[in-house]
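Below, each chain spelled out in residue letters.
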Amino acid sequence: MRLAEAWRVALDALRANRMRSGLTMLGMVIGVGAVVILVALGTGTKNEVQAQVEGLGSNLLLVVPGQVSLNAAPAVSRLDQSDLDAIIRIAGDRDRVAVSLTSGENVRAGNEQVFTSLLGVLETTPKVFLRDVRSGAYLTRTDVETGRRVAVLGSSVARTLFGERDPVGQQVTIAGVRFRVIGVFAPLGQSLGVDRDNEVHIPLSTAQRLLATKRVDAFAVKAPDAQTIDRLGRDIVAELHRRHPDEEFSAVTQEQILGVLGDILGVLTAVLAAIAGISLLVGGVGVSNIMLVSVRERTREIGLRMALGARPRDIGLQFLLEAVLLTTIGGLLGIAFGVGASLATAALSPVPAALTWWSIALAFGVSCAVGIVFGVVPAQRAGRLDPVVALRTE
Amino acid sequence: MTSDAAIEAIDVARTYALDGVSVPALRGVSLSIGHGEHVALVGPSGSGKSTLMHLLGGLDQPTSGRLRIGGRDVAGLTAAEMAHLRNATIGFVFQSFHLLSRTSALDNVALPLVYRGMGARERRERAAQMLERVGLGHRIGHRPNQLSGGEQQRVAIARALVTEPVVLLADEPTGNLDQATGAAVLELLEQLNTAEGVAVVLVTHDREVAARARRQITMRDGRIVADTAVVDRTASAGAPDAARADHAGPAGGHGTPTDAGEDRR
Ligand SMILES: Nc1ncnc2c1ncn2[C@@H]1O[C@H](COP(=O)(O)OP(=O)(O)OP(=O)(O)O)[C@@H](O)[C@H]1O
Ligand SMILES: [Mg+2]
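Chains S and D, in that order, give the protein sequences. If you're matching positions, the first sequence starts at 1 in this note's numbering and goes up one per residue. If you're matching positions, the second sequence starts at 1 in this note's numbering and goes up one per residue.
If we strip away everything but chain S, and leave its shape as in the complex, we get (with noise of 0.2 angstroms):
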């Protein structure tokens, strides 16, 4: 039999079943659908990261206390204004530092009130990271060395405490302290259900004064080009480990953070991609059981086409092609699906979704595998059937 005319019998027999075949074929679609949307989210999330680590800055090191890795807690850190005299050192320029001590605390403006990050900082984190300020101006080195009680807010605390007013000028409390604020960032959106907005920076000696403490919690240090980046990092990490021999600290790139990051998103989307799996091989399972169906139904069509002269592989053939027809046939049905979904999801939420061609690819790629692997049991059993026992089969 040629190969053109057993695709015609089977689709003829789908087609003969239309509300099975669709059942059957809706375990797939759900599969395949589950599969496309799941790693178009992560995916998705992944790009997003990536875009939002690269958007720091170029040449980034974050020197932390601790280690950096998936299963160290955040370690308290010891740091303090002399470690930060010496980073400064190494690095040969102040304008080349960033500082942060971090605090969560509730800002207040007359009746409004937003709890928000609150960062103690240098004048230089603009010129460290990529941070616009739109309207007022950012810290000065005087408000640092004065311990000024001046304030940046991020977009969204500006917009919670003063609507549409502008707040250059105004009061703002900050845990019971009066501050004046001198700029707003431009806002910088929504990452992993995080608001990045949602922060206040304040001038480190400041900070220092109000929450009581010499700490400093974390330092960025931009290297002026690629190729030093690594020799920086080990300098700085020597000369800390010199001043705190018990302690250790960490030196990471961009480069390394989006290294983990990766690794945890990239487990994630496998965990969700393997969850969606499950549905396929429950619908692959679908497929199977209506194929054993199919065959014994169709038990005396079988003998009558071995009686006509269908090889045992002709009548295999046959049900193979109908099983996969089943799985393809859902599995366009799902990717259709699933991209619709991934693209609606993209489009009205701020859910990241970014469609691949791989996993469309590799989307489809299974569903006829899966066919096949399903298939093959059903169209064994229908080949070796036994011509005149099939004939006789009521």
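Relax, there's no trap hidden among the hints.
If you want a taste of the chain S side facing chain D, the calculated C-beta under 7 angstroms gives, among others:
#1 A307
#2 G309
#3 R311
Honestly, the hints are just simulated from the structure, not real lab data. Quick reminder that beta carbons are idealized off the backbone N, C-alpha and C, glycines included.
Keeping the supplied structure of chain S fixed, place chain D with the ligands upon it in accordance with the hints.
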């Protein structure tokens, strides 16, 4: 035995295994079907007629004995080789028609040609010719459920003959038809037998029908008990036993059809 026989069986036995008990359905049958013969196979129910037909048609393998279909020994043939042999040499007509219900008369008739790898156009041409031949040229687009029983069996006959087989095997082809329709179907078979030269082997319980064949094989308990050439068909129609020349035992050769009293209506 002549080696150019269409089908040749030598001491063929077929034993079924049923729940560990062996049921002998055929106990040593020898016969030869010549080209263009018209044979009626008769005998009481359970005597092994259908079992023998399955063997002659290459649907089943004998438990012992030798069987040659179209000059080819079936011993050791694979299922695929048997399928090819059936397609090339045998046409089947079944009591229950066995037409594909969702398929037009034309495509039902063309079905065996599919397994020859023949292209659709040629298949349909041949099938249409064959339907014309059995008097159903005006029914080619009809599905089985749009046809009468007699018409369905004629479609089945067209399907059996579209491959130009050497032998047409019909197991009770009129069993599901009324008297008049059955007679018309038999007449068609006889006509094709003479016109196309295809050998016809027919299982029947109807003595009148059997008497129309030029050779009659009687079975009992898995053995051939009589193999006779019908001398005069006109006379036999009224009194089946009157004009028979009994000249064969269970293991005997086939009765050569004599030209004596050859009288076609
Ligand atoms: N698949 C089988 N398994 C076991 N026994 C079988 C099988 N097929 C046939 N037989 C037995 O073999 C014997 C011959 O059966 P067969 O069908 O050939 O008879 P038959 O002459 O065609 O009868 P009928 O005129 O009723 O069609 C019977 O005793 C039957 O019970
Ligand atoms: Mg029978």
